[in-house]
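> Letter by letter, the chains look like this.
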Amino acid sequence: MKALAMAALTVGMLAGAPGPKVVTLPGSSPLVTFRIVFLTGAAEDPAAKPGAAALTAAMLARGGTREMSYKQIVDALFPMAAAVADQTDKEMIVFTGTTHVDNLEAYYTLLRSMLLDPGWRKEDFERLRDDAVNFLQVSLAGNNDEELGKEVLYNAIYAGHPYGHDNVGTVSALKAMTIEDLQRFYKDHFTQANLVIGLAGGYPKGFAERVKADFSKLAAGTAKSGVVAEPKAIHGTHVTMVEKNTRSVAYSIGFPLDVRRGDADYPALLVAQSYFGQHRESGGRLFARLREVRGLNYGDYAYIEYFPRGMFGFEPDPNLARHRQIFQIWIRPVEPPTAQFALRAAMFELDKLVRDGLRAEDFERTRLFVGKYVNLLTKTKSAELGYRIDSEFYGIPEYNTYLKQSLARLTVEDVNRAIRRHLRSTDLQVVVVAKDCAALKTKLLANEVSPMKYNSPKPPEVMAEDKIIERWPLDWKADDVRVVPVERVFE
Amino acid sequence: MIRIVCLLVAAAVAALPANAPRKAFPYAYDQHDFANGLRLVTIPTDYPNVVSVFIVVQTGSRNEIEPGKSGFAHLFEHLMFRGTATVPPEKYQATLKAAGAASNAFTTDDFTAYHTTFSKEDLETVLRMEADRFQHLDYTPALFRTETLAVLGEYNKNSANPISKLFEVLRDTAFERHTYKHTTMGFLRDIQDMPNQFDYSRTFFDRYYRPEYVTVIVAGDVTAEATRGLVEKYWGEWKRGSYRVEIPQEPAQAGPRTNHVDWPAPTLAWIGVAFRSPAYTDVDKDQAALDLISFLGFSESSEIYRKLVIEEQKVDLIRADNSDHVDPGLFTVLARVKKDADIDGVRDAIVATADGFKDQLVPAARLEAVKKHLRYSFALGLNNSEAVAQTAARYVELRRTPETVNRLYEVYDSVTPEDIRTVARKYLVTDGRTIVTLTGGKAK
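Going line by line, the protein sequences match chains F and X. For the first sequence, counting from 1, position 396 maps to 782 in this note's numbering; every step adds exactly one. For the second sequence, counting from 1, position 336 maps to 339 in this note's numbering; every step adds exactly one.
None of these hints come from the bench; they were simulated from the model. The reader is advised that the hints may include incorrect statements.
[Unchecked claim] Derived lysine-lysine pairs resembling BS3-like cross-links, with alpha carbons at most 27 Å apart:
1) F/821 <-> X/445
2) X/94 <-> F/457
3) F/457 <-> X/341
4) F/561 <-> X/342
5) X/374 <-> F/457
6) F/821 <-> X/310
7) F/508 <-> X/310
8) F/457 <-> X/123
9) F/508 <-> F/591
10) F/827 <-> X/445
11) F/508 <-> X/445
12) X/317 <-> F/435
13) F/821 <-> X/168
14) X/94 <-> F/844
15) X/445 <-> F/561
16) X/310 <-> F/457
17) F/561 <-> X/310
18) F/508 <-> X/317
19) F/508 <-> F/603
20) F/457 <-> X/317
21) F/738 <-> X/94
22) F/790 <-> X/317
23) X/123 <-> F/790
24) X/341 <-> F/435
25) F/508 <-> X/94
26) X/317 <-> F/561
27) F/561 <-> X/341
28) F/821 <-> X/342
29) X/342 <-> F/457
Using the sequences and the accompanying hints, generate a full structural model.
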């Protein structure tokens, strides 16, 4: 796989002088959108400081500046109905905001001072550190079994790797964090070399140049190598069971994927993923077999790129670009009596995908879908701008064009070859969020028959398939299954 | 065309009270009533290639009047994907897939919306298939029973979040007779009994899935004339119904109420303070004034936010919700409290904030800042065709026309500090108050 850096920007980029990169999408809209991206993130958290990147970003977007308190900033933004939002991922931190052009000057003045002249106040730090700890312990571990399962899966796959902790950090590291840690992170990583300024909408002539000049105040920094290490290989199936008091059982299943946008097999795998489990759409194979036919849960999906907050949104947020991705299956919570059968059904379907691939008619239909659906991903100017910046990261043309051109050349053989090459149904990481994990573990390890009982008659083909699924062997070994109390997950 | 729409958007958000009146909903839309009672609202936008269709059924959990039948409006949201004799679910899905469509649905207290967003060349296909399922939905008892399990699965995935429980208890405590007593999801016991209610499901469909309850909204790269022709072609034969629902009226609340939820797992505490609020109106000032109070009193620019979130840091989230409802609903202030010991203090601060509006006049400049916030917030939300259609849907369910947005924003503009005080005295009263708290258990 080729090493990527932010190579030459070709789209609407300001030519000439060194300094920050600028991606522009000028237009006649009365709205102006900013995406200020720094090519750094949780993967660059210092070893003993997981959470430093995200907390630094929070201090900029949700704290005061040197001259204004946070309260003054909030009050200044309020009449404009504008905000500065921050998103920290492994390799990108993005600050986003949209303002009406009426308020552009006032908004930009605030945004600029927030990002270039932060206040580093103790009271902001304490509030935001509390927010981060509560996000991990309460919002994620306590109140959202599905997102919890997904994040634990990433942490398990990337254990010992720069991606191996939640973006927000760990509870103990956050509690030990200091303002100086954040100032150091800011100084080291919020540099011109890491900066991409994204602008879209009806901003006036000369504005992009002005923003670029203002942000040239940041330290120059040095460009990255663009190399992120491979995660450890997985041998056998490794299971993390998260014990918590909850009604139902949630699963996330995955393994590292050595394919990303721009790689030869990316379009093929995107078609495979869409066929198998298009996010929040009912046409996917997993959804059809687990939910539609069997009523096992609310939905079942598959991913080849990081897609946080999936239960709240239909399209992925841009600016989560990464050098390393995983293949992932998301099984939404199932009733405990059907938990074993549901897991086996998912494994059966994954095995079938890997063995049989797509039929020609499935391929044609899915290719058609992906080629049109891509229009919806960039339906807002903000999303379009985000995709442009991501395309620069991956070194590909504008995403819609890239995908449509790639799909036009794609064959069903390409897709099935890519599936065989990159996907598998063994050597997995599995995360289970459930109550009474010990009992569930015993049951799953015993590999006993788990027949499904329905509340209505099913067609013979389903009943016949159930006979296979109820005995589907899970190759789990007791030593590879660990049970973790939920309180300790982000410790 | 493109240019005109852009100018309209610009004009709309610049419409501050000092300026001449301008429209909050900036799009020139076409509204047409068919003979069978169906209404079509077509909204051409300047966003190219994409079209978004929202089909609004003026039926939500409010319409679930029979005991034991909570959750049926939402169940229908699921059943509508179970096909017809001519278009079975597999064909429906395959066709949507070929259109590259994003399709889904949602249900609220007052309405159910089915939405599909796709490339413009597939408009006829989508309108044809939607017309078919609205008129000829046909599911077997076996499919019905399977789908009820997906609804149970949805309850399960929501159940990890204490907020779902807090709202369930808040509604149940605040209302006695009106169907707002239950959430849209419904009571768990009713969801578990759904598999046995096939016959009732047909009754529900027969009552409410009728043209006089439905408005079709088409926004995006379309023309009004072509869209009207297509809707006439595929929806024109749909037969009008005759059912009229009688929703039990809620008696006036005669005293404050409280309740508490013991959440079985560790979590931060929550507190909800609710007052009875009026039904949606785009004529009277009551609802508009309460909307403004929700921002004046409890938004991130409010005094209570400064005190509890920024300075004392006892609360990490506070907001007020005065969402639009067909019938009188609730003005609710919600806060997440970091330490259980602070719950009473936070409750008192919320109540004192509400009381403050009854005593003192809000500064005029502050009121203007909130009005400005609402205008810009509304305009910034209309940033793609799907958002335009969805925004229209939120108002169409109330008055069957986007025009109500323009009237509502005119009412906002007319609200004075004196109006705020009058409305606070009328609604933010102790006798109409319900307070529910939620605290978590200890870690194992």
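> Hints numbered earlier in the text: which of these fail when held up against the supplied structure?
When the structure is compared with the hints, numbers 2, 6, 8, 9, 11, 22 and 25 turn out to be violated.
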